[in-house]
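Novice: Residues per chain are reported as follows:
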Amino acid sequence: MSKGVLVDMTKCFGCGACTVACKLWNEKKYDEVNKPTVGEAAQLVDINWTVVSKHDVTDGNGDAAWRFAKKQCLHCVDPACASSCLVGALRRTPEGPVVYHPDLCVGCRYCMVACPFNIPKYEWDKSFPKVSKCQMCFTRVVAGEQPACIAVCPNQVMQFGDRDALVREAHRRIADNGQLYVNHVFGETEVGGTAWLYLSDQPFDRLGFKTSVPQESLPAYTWQILSKLPAILLGWTAILSGIYFINKRRNGAAEGKQDTTGGPQA
Amino acid sequence: MTINGTRITFRMTPFRLVLIGFSVIFLGIVAYRLVNGLQMTNLTDAWPWGLWIFIDVKLGVALAAGGFTTAGIYYVLGVKKVKSVVKPAILTAWLGYCLVGFGLLMDLGRWYGWWHPIFSWGEHSVMFELYMCVLLYTIVLTCEFAPVLFKGLGMQKISSFFTRLTAPLVIGGIALSTMHQSSLGSMYVLTLGKLNELWWTMLLPILYYSSAVAVGPAMVTCETALAGRFFRHDWDAPAMTFLAKWSGYVMTFYAVLRIADLTIRGQLSALFALDTVSLMCLLELVVGCLLPLFFFWSCKLRGREMTKTMIVRNAVLMVLGVALNRGNVVFTGMAEAAGTGYFPSMAELFLSLGLISAGILLYLFIVENFDVFPAHDRQAATSAS
Chain L
267 MSKGVLVDMT KCFGCGACTV ACKLWNEKKY DEVNKPTVGE AAQLVDINWT VVSKHDVTDG
327 NGDAAWRFAK KQCLHCVDPA CASSCLVGAL RRTPEGPVVY HPDLCVGCRY CMVACPFNIP
387 KYEWDKSFPK VSKCQMCFTR VVAGEQPACI AVCPNQVMQF GDRDALVREA HRRIADNGQL
447 YVNHVFGETE VGGTAWLYLS DQPFDRLGFK TSVPQESLPA YTWQILSKLP AILLGWTAIL
507 SGIYFINKRR NGAAEGKQDT TGGPQA
Chain Z
114 MTINGTRITF RMTPFRLVLI GFSVIFLGIV AYRLVNGLQM TNLTDAWPWG LWIFIDVKLG
174 VALAAGGFTT AGIYYVLGVK KVKSVVKPAI LTAWLGYCLV GFGLLMDLGR WYGWWHPIFS
234 WGEHSVMFEL YMCVLLYTIV LTCEFAPVLF KGLGMQKISS FFTRLTAPLV IGGIALSTMH
294 QSSLGSMYVL TLGKLNELWW TMLLPILYYS SAVAVGPAMV TCETALAGRF FRHDWDAPAM
354 TFLAKWSGYV MTFYAVLRIA DLTIRGQLSA LFALDTVSLM CLLELVVGCL LPLFFFWSCK
414 LRGREMTKTM IVRNAVLMVL GVALNRGNVV FTGMAEAAGT GYFPSMAELF LSLGLISAGI
474 LLYLFIVENF DVFPAHDRQA ATSAS
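Taken in sequence, the protein lines are chains L and Z.
If you read the first sequence in the working numbering, its first letter stands for residue 267, the second for the next number, and so on.
If you read the second sequence in the working numbering, its first letter stands for residue 114, the second for the next number, and so on.
One thing to keep in mind: the hints can contain errors.
FRET-style restraints, in silico, Cβ to Cβ [unchecked claim]:
(1) L/P480 with Z/F456: 22 to 32 Å
(2) L/G444 with Z/G452: 27 to 37 Å
(3) L/K392 with Z/M125: 51 to 61 Å
(4) L/K392 with Z/P351: 52 to 62 Å
(5) L/Q309 with Z/L392: 54 to 64 Å
(6) Z/L392 with L/G410: 54 to 64 Å
(7) L/K392 with Z/G452: 47 to 57 Å
(8) L/D369 with Z/P351: 50 to 60 Å
(9) L/N517 with Z/S273: 12 to 22 Å
(10) L/D369 with Z/K194: 32 to 42 Å
For the record, the hints were derived by calculation from the structure and aren't laboratory data.
Here the structure is a predicted model, which is why all the values come from computation and not from measurement.
Idealized CB from N, CA, C, for every residue including glycine.
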């Protein structure tokens, strides 16, 4: 069963415990001066697999307010990065996490170009860099545990479970509390659906979410082309061979003998 | 050591000394890059692909399309009048693909694993298909050019063995080229929502393929004009006129498809929005399509033959147009999604420059020592030194 996470951003107060848990579990370095994990300047980079970004907004009463958004790889149901990888170094597991296998990676960085959310980052300062992104703690998930960031959250902002059940839960919460939430579950249909789902009381673009992404699976577009290639390859080769033999026979007839010169190569 | 019964020659000129200088710098940068990684580049998380992917891969492959197009015109379509350009075109394509392979290797973060795709297939990836086709086609080109090399080295039997393979090699080469020239466009289909809609379309593979089929002979024309001036060859008017017509017709197909696609997708207002993106797109269309097609059709409709000047001018415009198109997809069209700017570092610039310099030096060495051009011309080439 495919797992997912429901994030209720109205509950997050920006403590950043999840980012600490992530660094500890995944053994990533700290660099709060240049690469902060919490606040306005927080950005996903090679050593930050998850961050909590702070946004100035206007709340329901028209007052200035803060909102916090936990960011990490959204773990698409049909991930563009995995479809883009020429060696299968990025793969979606049946449990849901999209996992990176550095031993296979050759470092072409097509996954970074392909990701609709610009999630995969690169270890630019390393001699042999790896692609760097949230793995959704897949060893924990496979063992039936929840990801490290969720386990430490002091305000139960995130709920871990079966994705389908979480989608229903998200809509139940919106229905129960229509005044609070924006009527949209981010990640339900974005790029064909993501394992991470978000609820918010603010329009998602104001919290730094990329709302302009397509609503359908991206690899399906590529597959429309790739799946036709074997037929095109065979057909085109047959046509070319046909033209070649017709022209060869015609030239041979015109010269009264077979063309045995072999062209300019001989 | 002798090649074709004469001693190896390599004339030294100031131009070649400059190229050798660039090549030496290039070797230094390569060594540094292989050890220290990509820190020397200006690539960032926002711009994972930069100058090397643009020049060494995207543009290199497109401009090396002269190999499969002229080989196809000569061997498959049986147009014998282009004979004089086939061998030089295969040579430049072969060198071009070797450079592309090397350029791509330099761009790979974990370059020592370049062979992984052969064993670990990502069959849903356009990049996988591109990798396989480029790898196989480089081998095909090596075999296509092998007769000239082995004949020069006096190994007549091996030379004629490869000559007998010509037909399957040429047909296989066209099939492989069709696949990977279009794949360079298909690659960007996955960037829906990121690549500007002036360039994103499901027709990307067809547009990339048709523009490559048009620009291949145009590039051969430019090379022939340059080589002809340098080595004092005669201008093979029938061959060049045929290539100019070929490029003219194919580019017309491309232009009609491109404009129709923009119109149907409702992008005309964006095309004439006159912001940076639209101006770059207009520049690409004017330089690469409108101008050369205007010159081509105004001659055609008046029933006149194109002069050498017009043929070369048209070819240069088309090469520039395709360069602008590939650059626009890699840079201009992706700039908004990236959010920040990118300008290549000195190391990136000099690596690309050095790679091209090394390629030109290799080309000069091969044409001066092997039978690439017709025999009487080769005599002229050596006596000109």
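Novice: All hints, please: hold or fail.
Specialist: Structure-based check of each hint:
no., hint, verdict
1, L/P480 with Z/F456: 22 to 32 Å, "holds (30 Å)"
2, L/G444 with Z/G452: 27 to 37 Å, "holds (34 Å)"
3, L/K392 with Z/M125: 51 to 61 Å, "violated (42 Å)"
4, L/K392 with Z/P351: 52 to 62 Å, "holds (56 Å)"
5, L/Q309 with Z/L392: 54 to 64 Å, "violated (31 Å)"
6, Z/L392 with L/G410: 54 to 64 Å, "holds (57 Å)"
7, L/K392 with Z/G452: 47 to 57 Å, "violated (24 Å)"
8, L/D369 with Z/P351: 50 to 60 Å, "holds (56 Å)"
9, L/N517 with Z/S273: 12 to 22 Å, "holds (20 Å)"
10, L/D369 with Z/K194: 32 to 42 Å, "violated (54 Å)"
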